[in-house]
Amino acid sequence: MSKANKNDKSRRKFLQNLGLAGVSAVGGSALLLQGCSDPKDSASGKKVKVLTQDNQLVEVDVANLKPSDNIKDLDYLQDRGREGIPGKKFVMVVDLAKCKNARKCMTACQSAHQLKPEMHHINVLEMNDPVRKTSYYMPKTCQHCDNPPCVSVCPVDATFKRQDGIVLIDNERCIGCRFCVAACPYSARTFNWTEPKDAEKFAEVTYNMELNVPQKKGTVTKCAFSADRLREGKLPYCVSACPNGVYYFGDSNEDLVTNGTTKMTVRLSKLLQENAAYTLMPELGTKPSVYYLPPRQNKG
Amino acid sequence: MNDTLSKEILTDEQIDQDLLKNINWGNKFKLWLAFLAVSLIICLYYYYQQIEHGLGVTGLNDYVSWGIYISNFVFFVATSLIGMLISSVLGLMNVSWVKPLARIAELVAVAFAMVAGLIIITDMGRPDRLLNVFMHGRVQSPIVWDIAVVVTYVAISILLLYIPLLPDIAICRDKLKNVPKWQHKMYKILALGWKGKAKQFKLMHNYTRILLVLIIPIALSIHTVTSWLFAMTLRSGWDSPIFGPYFVSGAFVAGCAAVIITMYFFRKNYKLEKYITIDHFDRMGRLLVLVALVYVYFNINEIIVPAYKTNTADAKHVQEMLSGHESIMFWMVQLGGLIIPFLLILFRPMRSPLPLMLISIVILTGAWFKRVLIVVPTQLAPYYPIQNVPEKWTHYMPTIPEIAITAGSFILVLIIMSVLAKLFPVIPIWEIKEDIHHNKN
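Taken in order, these protein sequences are the chains called A and H. In terms of this note's numbering, the first sequence is residues 1 to 300. In terms of this note's numbering, the second sequence is residues 1001 to 1441.
Excised from the complex, chain A in its bound form (with noise of 0.2 angstroms):
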């Protein structure tokens, strides 16, 4: 089989990810597969293919398929939170030579998680290229780093590193010292220093721990490479965003990344080779799951 092909397959199977999630998701804003074990149940006999969360294609009866309130239950969303996506491991490619700082990310980001104007999870910076005496721009987010400083350094366990790589905040258990803040050398957190924005409208809301919403105050609060909507199959708020292309956004693991923009999937090794991909300050040892492309004029 051609690389070509296989690439092609794979990028079937992620679309269909995103086709079965927007099935569970009809008629109401939370549908949860439950107790599809049991096929004697059956009434209608209308089956659906729907996608285990160990990756596993099954044939589940329609009538199985039950709206769940655990969305709205805290202790569920907290397990789920912490426990992750098992077999991922995500990673993001931002290419930093189509940036045109557009600021399309920061603003579905802010309105995604509920952050006031000057609170970033992700922040288009204007950096200075010091030998080519120019500037580009490069959005930065949390570089969900595989040795997290800020997890090292946290009292109470509120922020963690999950299997599938992604750093996230328990905004319950948080007790705000900021030490988090103050041991990340990328500048990604960010602190609710008064009431969040909108705090009354979001008050009836459960905490969803992978959106990091509703904010609290006293708490801090980062990137979280949008797990709310890579557990629905979807790419993160900021990539979906990006009207330039610069971002990709995939799995490690099966080694493919997915434009925003464009929906291309491609290769991520050889995305990375290719155009001499690097990651900020290596020699920190962090190891990031954030790699950028470099600023170039005429990339094709």
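Worth double-checking, as some hints may not be accurate.
[As the list claims (entries may be wrong)] Covered, in the sense of this in silico footprint (three residues per stretch, anywhere, with C-beta under 8 angstroms from a C-beta of chain H), are these stretches of chain A:
no.	region
1	123-137
2	154-162
3	181-189
4	193-204
Note that these hints are calculated values from the structure, not bench results. These figures come from a predicted structure and were not determined experimentally. All C-beta atoms in this analysis are idealised placements derived from N, C-alpha and C, irrespective of residue type, glycine included.
Using the hints, position chain H against chain A.
The following block gives chain H in isolation, referenced to the frame of chain A:
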């Protein structure tokens, strides 16, 4: 032999009378305490504001997220370390002139260490979740180490204050007849049935000795771990392997100064001139010169090594300190708060009580700002530029609530020390008597 004590022969009655004099609730003291209490209430009002509106009432922001609360915490931990140096290190080496000062040093240690624990709470975004540290504490976080050692240090310091106090509490119980009933009862309970038997003294000496040994590693760890809150990060300016000893040496400077100031006021207010002599000030002044020299040595290391190598981020940090944005504070602290004062103390007249006390105040103030210099500038120079945030986030200026809450911590220390000094003799009576009897024989 104790040649620092006044040469005139003091009788036991005279000593009791002199050293128990401070234990009374005079109007002057009540006025002082009321003043402190009112000030504290004002500060607590600001803390209530902070709880109500969040840490946004401070000048902190996402870049400088640790400000004067944390600097003040480091300063308090530093100052409290002096208890270990004076009562433990010098005590174990049988340096006899420190004996009358040991309790004052322990008072300073206990008051500052206790309040340090509270300061860390004022810096928390969610103080209501304090218990999470115990319920979900993770061993690899330096904060957890810090809490463990601070609590241990407070506990041992209290014991070190209390156990050698037992014979004196018994004296208070037996000799003080004009105190309120509750106070007499308190002495009775706290004296633990002390009768001055040889066996009791032996036990007390043994326990004290164990504590004196124990407190050395604990005191070293408390400040080393505090330095690790910074040194364990990857931020330039903090990322330094000498931070532990650098902090410890600085701690002795601040602590010596604090003890000298306390000595001065106790001596003056309680007429203790015969017990805290001019010679004590002279020796404390010399001790201060010694510890200041060690601290200067560490400061030189902290600056020259990165300045020579000019690693990009470190060079920027050093440049900011020496000639950049932070330079005014840097030179004020280094020259005005450390080098000039210690050069002055080299001259004998400057080691007499009043000048030494004044110089100590300058040193202590410098030591406080020094902690700000350690904590804040590093955060103002992150690896990636500060952009797309309000302009005021590019610098740090503490707000009035923040300053008031910090002032509150000092007021609390004054309250603790003042009240303890009104309940117990500040000079160990039994040790003075022992010394005099020893000299007579």
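Going back to the hint list, which numbers does this structure go against?
none
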